[in-house]
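J.: Here are the chains, one letter per residue:
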Amino acid sequence: RKEVEQDPGPFNVPEGATVAFNCTYSNSASQSFFWYRQDCRKEPKLLMSVYSSGNEDGRFTAQLNRASQYISLLIRDSKLSDSATYLCAVNVLRGQNFVFGPGTRLSVLP
Amino acid sequence: SAVISQKPSRDICQRGTSLTIQCQVDSQVTMMFWYRQQPGQSLTLIATANQGSEATYESGFVIDKFPISRPNLTFSTLTVSNMSPEDSSIYLCSVEDPGRSSYEQYFGPGTRLTVT
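Quick mapping for you: the protein sequence lines, in order, are chains A and B.
Note that this note's numbering has the first sequence beginning at 1408, numbered continuously upward.
Note that this note's numbering has the second sequence beginning at 591, numbered continuously upward.
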């Protein structure tokens, strides 16, 4: 089993739709969780950290379920500019490397 | 967040040659990480570079193939040695932002390497 797995994509959704991505991790000792966004031919950019209580940033909501070892990202009112690959990342200790999931590609269609 | 630059941004190299990639950060950081992203794939960690000590390599990556230097707290290099077409990839450095209490990591813009 891979350390971090994500929904296989791609997701093709119309503008204005709500879309949710899931990510599961195998290491129960994982402490920190993140969602990154990667545009084509660009580096990953941090979208949001995922906190135990869940967190929201505008149209984006992240949730963490430690018992089931998964994190989720919800995007409401999708925009064309949301089209990208979304990577979840997990790490065990500060100062250690992240383990990235394979990514889920999202295409928001006009 | 920390500002990270990489040089070169891209290169096309012949097999058997070596390329050194530079990563510069605008603030002092304890740890820097080197990742590889092959076409259509996610990121794979090559090694972790601490200032003043040997880099720590992940399984499948060795120092002879990917020597790393970390001469100070703002700079690191990764060399891809004796290149083959299988080394064609994007190479990214990342750092943990020293100004934040969280564990967030930020990436440089990457070096796109093509080996012919």
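Hint data in this document are derived by calculation from the structure and do not stem from the laboratory.
Among the hints, a few may not be true.
Straight-line Cα separation of at most 25 Å, SDA-like style, residue types lysine to any residue; simulated pairs [unchecked claim]: (1) B:K655 with A:R1483; (2) A:K1409 with B:E648; (3) A:K1452 with A:R1483; (4) A:K1449 with B:S643; (5) A:K1449 with B:E644; (6) A:K1452 with B:T610; (7) A:K1452 with B:K655; (8) A:K1449 with A:R1473.
J.: Looking back at the numbered hints, which does the structure fail to meet, lowest number first?
T.: When the structure is compared with the hints, numbers 1, 4, 5, 7 and 8 turn out to be violated.
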